[in-house]
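K.L.:
Could you slot chain B onto chain A? The hints should help.
Given next are the chains, with one letter for each unit.
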Amino acid sequence: MGFAAASPANAPEGETTFGFGEGFCMKSYGGTVLRVNLTDGMVRSHPTEPELARAFLGGRGLNIKRLWDELPAHTDGLSPENILVLGVGPLAGTLFPGGARFNISAMSPQTGILGDANAGGFFGPELKFTGHDQVIISGRAERPVYLWIHDDVVELRDARGLWGKDTRESTLAIQEELGDRDVQVAAIGQAAENGVRFAGVFANLNRPAARTGMGAVMASKNLKAIAVRGTRLIPAADMARFVEIIERLDSIIYNHPEYVARRRLGTTRLIKALNAIGALPGRHFQEGTCARADAVSGEAIEAQYKVKSKACFACTIPCSRFLNVNDPRYPGLRLEGPEYEPLAAFTARVGNFDLPFALHCVDLCNRYGIDAIATSEVISWSMELYQRGLLRAEEADGLDLTWGCQETIEALIHKIAHREGYGDLLADGVRAAARKLGRGEELAMHAKGLEVFQADVRSIKAYGLGNAVASRGADHLRSEPWFELSGDREEGVRRYGIPETADRLAYRGKGLVVKHYEEMAAISDALGICKNTYNNMEVLDWQGTAELLQAATGWDFTGEEVQRIGERIVNLERLFIAREGITRRDDTLPRRFLQEPLPGWGSVLELEPMLDEYYRARGWDVATGLPTSAKLAELGLSHG
Amino acid sequence: MKPATPACCGARQAECWSGHGPLRSASPLAERFFLGRPPLGSQCAAGACGASPEPNRLCLSVGDGSMKRIQIHPAACSGCRACMVACVVRHDGRFGTATSRIYVAKADAAGTDEPRVCRHCRRAPCVAACPTGALHRDEEQGVVRVRGAECTGCGACAQACPFGAVTLHPQAGTALICDLCDGDPACVKRCATGAIEYVGCP
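If you read the protein sequences in the order shown, they are chains A and B.
Per this note's numbering: the first sequence = residues 1 to 640.
Per this note's numbering: the second sequence = residues 1 to 202.
Pulled out of the complex, with its shape left as it was, chain A reads as follows (with noise of 0.2 Å):
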């Protein structure tokens, strides 16, 4: 098999000296950029770019830069010439609590704009304790590979022998052949083989970097995972003063509010939460409360099959959960998780009430390797078609699609992943779906071709704001502007001017906070930390953050530029998506929340007003909705 060596130029501790002068040393960064052509195995580094690092930190905001430089307008997602970047942040793999994740980028294969996703575990660490700040994959192997890094060494292995197992077998045969469990692997399953369009990428067996395909993008290079284990340590510019600050937010973490219920059950808490208000995702979004919701809540989780609490790399909130799930049907069903996403998505939306065969749902979805959101989506979808007479079973291959029916959505699943019959209409997604099936536009759940996370936006105005403009399509992650939803009027005057904002049902003033919660979200993915602590929890603010980086990297942050560097990322993050298309009229949501009156609370979504005091907010076009040249020059995105 090929081999190839790469010997970074830095040495190393991460000493460069690049463009800043002799000494120069960047803290807190691996310092190295590696790249692999995977047509002729070419494998080279070079030092990470402080000016680029300073001006988008790393991660999501890096791997926007390298998207935006290197990939062509209208470059096919599937195709070689799709770039796939891994990127880590400066916070990754520190003492930050949560500072655990990595994103995942390209030109998405589901959506045909920017593909991005994101995973917490021991894989985005374990990656910049190689020394790699950054990975920037491209061409396409002639056969099936794997990409080992280790430290400076780096090597494309033969994977024609995992090509056909699943994520969890991948990862635990590449374990095996490198001879060490700490090996942190991404992988993909069969269903990014088999070309489904929404396959992710699986970090740490039930670690889903799920969103945009990105999956399907590394299948179609032919490669099969990528194994990480780093032995460097990565200096800090003032490692006294940043684990002062660190103990603050540790301390600010132990004293929150919703600690305990954080650490008992991480964001299945939701589950009750969201029901008690109206927002979940019930039969499709025909219901904003399931009446059996208690029966498949975190609560119940806890109580019936948590076996210990777990956490991400470094982590002071241990909200994840590990679950042995006694139940006869699925013998050995062991995992961790499922979050509220994948719990939401095989209870309430597909009308499914028995928590042992949601949570074998999710673990067929985590094996498979496809995000359980847009699979849920085209079941749901699917059902409500039936449910109005616009889709035969027959035209499903014969199955039962009534609400909740388990053996439909069982086989759906392994009909999508392998795409056969009717799976292989549903495993582009819903918006395709509806085109190929020529029914149901108006019903299928997306915006931008991404399908709607597990809340019913009718509920929550700013998250419903949030999921029309996010930049990967309809996604909560780009903002998650909980704000909305924390009732203190006092706390939306002081921030925003606007008593309103604290008000879920309320519309003045949510232009402003998505765009503050977008900017937050943008720097917790380029700094490679958890939204939970960052964005939710919020332990710091713009002035923490700049004091925490100045610890970090010696660099002289004030807080005004660490909320322009999120501002940054969100705008180029538009003319990226813009460059493929996207205006205004792409800033929407399903018909449903616009148009029909949730039952029982009565209300829509008025988006076009929250638009218009958005993109003003943003100082963006109020017609087009594109970047305007006055604000890409305040942001130096002029020639960028």
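Careful, some of the hints might be misleading.
As the list claims (entries may be wrong) - Ranges between beta-carbon positions, derived for each pair:
#: 1; chain 1: A; residue 1: A633; chain 2: B; residue 2: G183; range: 53 to 61 Å
#: 2; chain 1: A; residue 1: V153; chain 2: B; residue 2: R145; range: 40 to 48 Å
#: 3; chain 1: B; residue 1: G194; chain 2: A; residue 2: T558; range: 32 to 40 Å
#: 4; chain 1: B; residue 1: H91; chain 2: A; residue 2: A633; range: 42 to 50 Å
#: 5; chain 1: B; residue 1: A109; chain 2: A; residue 2: A291; range: 34 to 42 Å
#: 6; chain 1: B; residue 1: A109; chain 2: A; residue 2: V493; range: 45 to 53 Å
#: 7; chain 1: B; residue 1: D92; chain 2: A; residue 2: D158; range: 46 to 54 Å
#: 8; chain 1: A; residue 1: H46; chain 2: B; residue 2: R145; range: 36 to 44 Å
#: 9; chain 1: B; residue 1: T152; chain 2: A; residue 2: A261; range: 21 to 29 Å
#: 10; chain 1: A; residue 1: E561; chain 2: B; residue 2: T152; range: 47 to 55 Å
Stated by the list, open to error - Residues from chain B shown here face chain A by an in silico Cβ test under 8 Å; the list is partial:
#: 11; residue: V85
#: 12; residue: Q141
#: 13; residue: P170
It should be emphasised that the hints constitute simulated quantities derived from the structure, not laboratory data.
Cβ coordinates follow ideal geometry from the N, Cα and C atoms, glycine included.
P.N.:
Here is chain B on its own, set in the frame of chain A:
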């Protein structure tokens, strides 16, 4: 290999030091040596470590009662490895895990997390195995210590330790053993779950 059961004190002889049954086996030298970290070979026989969250308050060194030890409760461990980073930050002043003196053995599929750290055994097998005398026991402090200059990196200590608690520095090759941070262990301080405790022996 070493006998399966560690030399625990008194009536708790048969119990695992984690409190959940006897240790199965220690890890083979080759794997530990060449692959950086010992594999998961010495898990609790009781499995899952979910058996009892109640820690077993045993200690190996029956000192004068004032001595404190790091105690491990795998059932409470979330596997986050914050202890490892805290250890490296304290000893090396940098971020990382490779030179940590505490190690959390993780098995993602089984969901187990097992912290391993030096127990500062009174009759320490690592000290006995050390051919150069680099390893010695500071009887006053009750701590096994390494004289770095004398350590040849032969790995005999890592081989001898029945707990997989000794590893070798990935670059220097010398022995990495917990020094209890001179009485203020950074790992314990950072642990969010109480899985590692610094407590006096009864």
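K.L.:
Which numbered hints are broken by the structure, listed smallest first?
P.N.:
Failing hints, ascending: 2, 7, 9, 12.
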